Amino acid sequence: MTAFVDIDDVTLVYKGATGDVHALDRLGFSLEKGDFAAVVGPSGCGKSSLMKLVTGLLPPDFGTIKIAGETVTGPVKMAGMAFQNPNMLPWRSVIDNVMLPLEIVQPHRSRFRAEKERYREQATRLLATVGLDGFADRYPWELSGGMQQRVSLCRALIHQPALLMLDEPFAALDAFTREELWCVLRDLWEEIRFTVILVTHDLREAVFLADYIHVISARPGRLVMTKTIDFPRPRSLDLLFDKDFADIVHELRAKIGEVRKS
Amino acid sequence: MTGTAERLSPWLFTIAMFLIWEAVCRFAKIDPFILPAPSEIFAAMNQYWWPLAKNSFVTLWTTMAGFALAVGFGIVLGLVVGWSRTIYRGLYPVLIGFNSVPKVAVVPILVIWFGIGEIPAILTAFLISFFPIVVNVATGLSTIEPELEDVLRALGASKLDIMLKVGIPRTQPYLFGALKVAITLAFVGTVVSETIAANAGLGFLMVQAGSNFQMPLVFAGLLLLAAEGIVMYAVFAYVEVHFTKWAHRSSMSAAG
Ligand SMILES: Nc1ncnc2c1ncn2[C@@H]1O[C@H](COP(=O)(O)OP(=O)(O)O)[C@@H](O)[C@H]1O
Ligand SMILES: [Mg+2]
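Here the protein sequences line up with chains H and Z, keeping their order. According to my numbering, the stretch in the first sequence is residues 1 to 262, in order. According to my numbering, the stretch in the second sequence is residues 1 to 256, in order.
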């Protein structure tokens, strides 16, 4: 079986007036359909750039990216994305924010007007899964940061994307809310089994959620290690206090400490 | 209690200002040719109410006409300028240059083109007030959060989609903020033009009254201008708050 996402030997250089920034260097890894991959690395190593490459928002200077066997040459037109900032549209209610992708992605786009009621139900159900029943008609400013981030996840998933890209989505949240949202994401993934790349600098988050962790070096970003995490699923938060869990986190931390110095 | 006080305070302050003005004029025996007392001004208003009303109306409608042109043209140009960085960079110096020309200097040209009357007043109001609308609409469009743009582009959104779904709605508070400023400027434009080249309007009336040494009437015109300005500002301030509640609640703040 060929990989669903295949990142092959990509290099990215930002050309700027003040000199070039060599962001990524011959980086590669792949994901099977339904895989949960995490990407960790020091700040500025090119993790967000990698997200842009995979979604086709930027072309690599060298190497290729394939999704479902097709080389990515422009925006992939289907990937769900969520960032540290929930990026809500403040003039839209929660449910209208969630339904935004349906107004853009085909085939929903052409059906949206005619089948709005059905889509509303779908969005309401999704909101309920992340613990936001009853909030559909509220506005983003009425929600806490953690709740907005849940909405942001729903927006990234409403069109049932084959690929979900998360760029440090929980970085701005307090520790308790963050752990709650790990569970929300875990449950969504168990249920829908989308393919996901999660960028994070929280090693515990990566180990708790992912099947594979790719460690990237300081700039220029190179792949320095891939760690397979095979704790049985579904995983519970108790795992965070497990000895094996701590060992893996330590191993990863040591590796990142190494690559930051070099 | 404090609520009522706060609601009444603008009125109280205005009345107090007139009372102090009146007192100063009386006790310092200021020549009414220099500064007429409010009582004399109100007497003039009473006496000349018809010409004042007629000319106020002319000023009002020419201002509104110029303002309406500015809103239409300003929104279109703002959308064009905000659409692409190239257009933005190309047009910006031109717009800045245009905006730095004092509009008084343009009035004689307008008079040569269109003759004396309402048209130069409307055009001056238009020229002076469209700039903040263009700038604010363009700013609203061109400052979409890059991450939000990424979210939409990864879904396959076209530039037009992004503008329709995000750019134009988020421009609203910037636009309404600009309207408040623009209406005041339009008013200035009309009056400037009326004082130079018109045969109607409050500006024209004040010049006429001045050359007849009717100082109370000049000041009556001035007070009416202030009143019209306040009312127009208030209307658009209300419209702004009413139509863009979300912008006041959420952290996003509009320029204005
Ligand atoms: N648009 C850009 N132009 C120039 N340099 C950029 C741009 N975006 C990111 N960079 C640079 O590329 C490097 C990697 O950035 P990024 O992918 O955001 O890193 P990370 O997400 O891992 O913190 C950084 O040094 C950053 O300064
Ligand atoms: Mg980043």
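Rather than coming from a laboratory, the hints here were simulated on the basis of the structure. These numbers come from a predicted model, not from an experiment. Virtual Cβ for every residue (Gly too), placed ideally from N, Cα, C. Treat the hints with care, since some could be wrong.
[Said to hold, decoys possible] When the alpha-carbon atoms are kept at most 25 Å apart in a straight line, the in silico SDA-like pairs for lysine to any residue are as follows:
1) K77/H / T143/Z
2) K77/H / A227/Z
3) K77/H / R85/Z
[As the list claims (entries may be wrong)] Among chain Z residues calculated to face chain H with C-beta under 8 Å, some are:
4) D150
5) R153
6) G156
7) V235
Hints versus structure:
no., hint, result
1, K77/H / T143/Z, "holds (23 Å)"
2, K77/H / A227/Z, "violated (55 Å)"
3, K77/H / R85/Z, "holds (24 Å)"
4, D150, "holds (6 Å)"
5, R153, "holds (5 Å)"
6, G156, "holds (3 Å)"
7, V235, "violated (22 Å)"
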